[in-house]
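Build the full structure now, drawing on both the sequences and the hints.
The listed protein sequences derive, respectively, from chains A and B.
One point on numbering: in the working numbering, the residue at position 8 of the first sequence is 8, and numbering is uninterrupted.
One point on numbering: in the working numbering, the residue at position 214 of the second sequence is 214, and numbering is uninterrupted.
It is possible that part of the hints are untrue.
Some chain A residues flagged as far from chain B (calculated, every beta-carbon gap over 12 Å) [as the list claims (entries may be wrong)]: (1) A95; (2) K245; (3) A288; (4) G291.
Covered stretches of chain A, as calculated for chain B (at least 3 residues, CB under 8 Å) [as the list claims (entries may be wrong)]: (5) 110-120; (6) 162-176.
If you're looking for bench data, these hints aren't it; they were derived computationally from the structure.
Don't be surprised by glycine CBs; every beta carbon is placed ideally from N, CA and C.
Chain residues, written in single-letter form:
There are 2 protein chains.
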Amino acid sequence: MSVSLPSVFAKPRVFAPVVTPFTAGLDVDAPRFVAFCQWLVGQGAGLALFGTNSEANSLSLAERHALLDHVLEAGIDPAQMLPGTGACALPDAIALTRHATEAGCAGALMLPPFFYKGVSDDGLFAYYSDVIQAVGSDQLRVLLYHIPQFTGVPITHALIERLIAVYPHTVVGIKDSSGDWANTAAMLEKFPGFAVFPASEALLGKALPLGAAGCISATANIQPRAIASLLNAVTLEERAEWEGKVATVRLAVQAQPMIPALKSIVAHFAKDSSWTRVRAPLTPMNPAQSGALLQQLQALDFSMPSMASLAAVAA
Amino acid sequence: MSVSLPSVFAKPRVFAPVVTPFTAGLDVDAPRFVAFCQWLVGQGAGLALFGTNSEANSLSLAERHALLDHVLEAGIDPAQMLPGTGACALPDAIALTRHATEAGCAGALMLPPFFYKGVSDDGLFAYYSDVIQAVGSDQLRVLLYHIPQFTGVPITHALIERLIAVYPHTVVGIKDSSGDWANTAAMLEKFPGFAVFPASEALLGKALPLGAAGCISATANIQPRAIASLLNAVTLEERAEWEGKVATVRLAVQAQPMIPALKSIVAHFAKDSSWTRVRAPLTPMNPAQSGALLQQLQALDFSMPSMASLAAVAA
Numbered sequence: 001m002s003v004s005l006p007s008v009f010a011k012p013r014v015f016a017p018v019v020t021p022f023t024a025g026l027d028v029d030a031p032r033f034v035a036f037c038q039w040l041v042g043q044g045a046g047l048a049l050f051g052t053n054s055e056a057n058s059l060s061l062a063e064r065h066a067l068l069d070h071v072l073e074a075g076i077d078p079a080q081m082l083p084g085t086g087a088c089a090l091p092d093a094i095a096l097t098r099h100a101t102e103a104g105c106a107g108a109l110m111l112p113p114f115f116y117k118g119v120s121d122d123g124l125f126a127y128y129s130d131v132i133q134a135v136g137s138d139q140l141r142v143l144l145y146h147i148p149q150f151t152g153v154p155i156t157h158a159l160i161e162r163l164i165a166v167y168p169h170t171v172v173g174i175k176d177s178s179g180d181w182a183n184t185a186a187m188l189e190k191f192p193g194f195a196v197f198p199a200s201e202a203l204l205g206k207a208l209p210l211g212a213a214g215c216i217s218a219t220a221n222i223q224p225r226a227i228a229s230l231l232n233a234v235t236l237e238e239r240a241e242w243e244g245k246v247a248t249v250r251l252a253v254q255a256q257p258m259i260p261a262l263k264s265i266v267a268h269f270a271k272d273s274s275w276t277r278v279r280a281p282l283t284p285m286n287p288a289q290s291g292a293l294l295q296q297l298q299a300l301d302f303s304m305p306s307m308a309s310l311a312a313v314a315a
Numbered sequence: 001m002s003v004s005l006p007s008v009f010a011k012p013r014v015f016a017p018v019v020t021p022f023t024a025g026l027d028v029d030a031p032r033f034v035a036f037c038q039w040l041v042g043q044g045a046g047l048a049l050f051g052t053n054s055e056a057n058s059l060s061l062a063e064r065h066a067l068l069d070h071v072l073e074a075g076i077d078p079a080q081m082l083p084g085t086g087a088c089a090l091p092d093a094i095a096l097t098r099h100a101t102e103a104g105c106a107g108a109l110m111l112p113p114f115f116y117k118g119v120s121d122d123g124l125f126a127y128y129s130d131v132i133q134a135v136g137s138d139q140l141r142v143l144l145y146h147i148p149q150f151t152g153v154p155i156t157h158a159l160i161e162r163l164i165a166v167y168p169h170t171v172v173g174i175k176d177s178s179g180d181w182a183n184t185a186a187m188l189e190k191f192p193g194f195a196v197f198p199a200s201e202a203l204l205g206k207a208l209p210l211g212a213a214g215c216i217s218a219t220a221n222i223q224p225r226a227i228a229s230l231l232n233a234v235t236l237e238e239r240a241e242w243e244g245k246v247a248t249v250r251l252a253v254q255a256q257p258m259i260p261a262l263k264s265i266v267a268h269f270a271k272d273s274s275w276t277r278v279r280a281p282l283t284p285m286n287p288a289q290s291g292a293l294l295q296q297l298q299a300l301d302f303s304m305p306s307m308a309s310l311a312a313v314a315a
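Next up, the structure:
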């Protein structure tokens with residue numbers, strides 16, 4: 001297989017599915033979002049805007065469109081971005097994917113339509129194909145998004161094979177959020193050159209030797225530098241040390257409801273309680289829960305450095 | 001419990017989750033949709049526009065908004081309508097519910113947000129509460145929508161109790177698409193006066209004696225008159241006869257992928273093949289499949305009468 005990968009994929013990279021802040025009225029808070037994106041890039045992470053951990057499906061089409069524009073207007077390099085553009089409704093997926101492509105984003109991370117269950121590979125192929133043809137751009141790079149525990153709609157290997165066969169230049173990778181290592185390993189073996197991103201830094205130790213493209217991980221929101229250090233480690237000893245560090249932090253966080261936990265942590269280190277807000281159906285952590293989590297992280301010597309610019313937005 | 005039910009609920013009613021036609025370019029086909037809505041109302045059905053069988057989640061917000069306007073402009077009585085207005089994104093659910101309420105629709109049939117799984121009743125209560133408060137209208141009537149096989153997000157009895165306690169005037173009913181008769185029966189017993197709609201006419205024989213509000217059923221798209229006759233039956237013998245008729249048709253159709261099957265049947269009787277189109281991730285029936293289904297229905301003496309107006313739209 002020969003695909004043309006954007007330069008951002010030239011070596012293994014960490015991308016953060018950027019958590020989305022809300023105002024007191026639960027509107028999207030663009031200034032805080034932009035400041036956080038800038039912090040993440042400064043810490044060595046790429047931006048998987050509008051991911052699961054971004055509450056992307058809790059945002060309207062207009063909100064997603066406007067928020068990407070805000071980030072672009074702030075001067076953040078679109079070559080660092082893999083916005084989520086999948087949607088249940090084909091016109092929404094087309095509009096979001098077109099916008100991301102025209103903006104020069106490195107790629108579009110596309111959920112399958114996730115309302116109907118038991119849909120066929122024919123139907124999913126038609127969905128991806130309809131989007132690719134409607135966008136009709138040589139610049140488009142699609143990453144598939146396999147997260148069956150939320151979508152109920154798995155991306156099968158047979159579907160990947162069909163998509164690569166017809167769109168070798170466009171369908172260039174996948175995020176595997178299944179947590180099923182056997183699936184990740186099988187894709188790495190079956191589809192050489194295809195950019196396979198596990199959804200957890202804890203899998204990098206096994207995935208990198210098999211050619212993984214890096215990771216797109218929830219906890220990249222809070223430990224981007226550490227994951228980048230793991231990816232950039234020169235010696236095996238160095239890599240093992242970073243693996244241990246990032247794994248313990250991840251374990252502590254993933255024992256909690258992920259999104260409220262990430263937001264509580266960002267709120268704490270940005271000294272800005274507005275970060276704790278979530279949209280229904282999610283609920284924020286209560287102070288006892290977040291206090292316990294933060295104590296646990298403190299015991300691990302964890303902190304998020306250099307957040308003065310975020311505190312400044314709050315002031 | 002004392003709730004104020006719109007007059008359309010005064011006696012058990014059948015509502016059709018109206019199937020949505022598409023043009024050759026897969027845009028929403030408003031003239032065909034309006035003609036079909038008119039036919040359904042003429043056959044005695046209410047209109048549960050934008051339901052699961054309407055491919056509602058495959059339509060954009062703008063398409064749903066415009067399509068409801070088309071139906072209203074055609075002069076169809078909004079008191080006959082229960083449009084689906086639930087969505088993953090709170091702003092979408094608010095916009096759709098507000099539009100339906102301002103249009104004078106009898107009620108809004110609201111899916112829970114269905115991307116995240118394992119969400120709490122607190123989070124779901126917040127979602128419905130946020131929509132009700134944002135719409136802020138005495139005219140709003142919400143019907144909850146329990147379809148866990150697609151959403152992965154069940155509507156629990158504890159949630160219903162909380163919503164009724166806080167919004168007794170607004171949260172007036174539920175569509176139970178689970179197919180779990182024990183659940184339907186338990187709600188009918190626990191929540192007297194609450195409008196409980198099973199999703200299948202096949203359950204009416206058991207549900208009507210317990211106080212069911214009628215049904216909102218996929219196959220009401222093709223046999224509205226027969227289901228209305230069942231609901232209006234005066235004698236038990238008459239009811240039993242209609243029950244048998246509608247049940248055999250339903251059995252034949254539900255053995256197939258429901259939405260493509262319904263559309264193939266409408267296409268056949270409207271003499272208009274454009275009705276067979278679906279949006280990805282659904283796929284249309286192939287001619288062999290639809291031919292076999294139509295033969296089966298013919299053997300049951302099934303037909304859709306009085307469709308000249310639909311054929312006229314096609315001409």
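- Message: The output says A/K245 does not contact chain B. Does that hold with a beta carbon cutoff of 12 Å?
- Response: Given that every Cβ of chain B is farther than 12 Å from that of A/K245, nearest at about 29 Å, it holds.
- Message: Confirm or reject: A/A288 is not an interface residue toward chain B, with every Cβ-Cβ distance exceeding 12 Å.
- Response: holds (15 Å)
- Item | Separation of A/G291 from chain B, once the least beta-carbon distance is taken, above 12 Å | holds (19 Å)
- Check on A/A95 being off the interface with chain B, judged by Cβ distance over 12 Å: violated (8 Å)
- Taking 8 Å as the C-beta cutoff, is the stated coverage of the segment 110-120 of chain A by chain B satisfied by three or more residues? Coverage by chain B holds for the segment 110-120 of chain A (8 residues, Cβ < 8 Å).
- Query: Do three or more residues from the segment 162-176 of chain A put their C-beta atoms closer than 8 Å to C-beta atoms of chain B?
  - Reply: violated (count 0)
In terms of the numbered hints stated before, the structure departs from hints 1 and 6, listed from lowest to highest.
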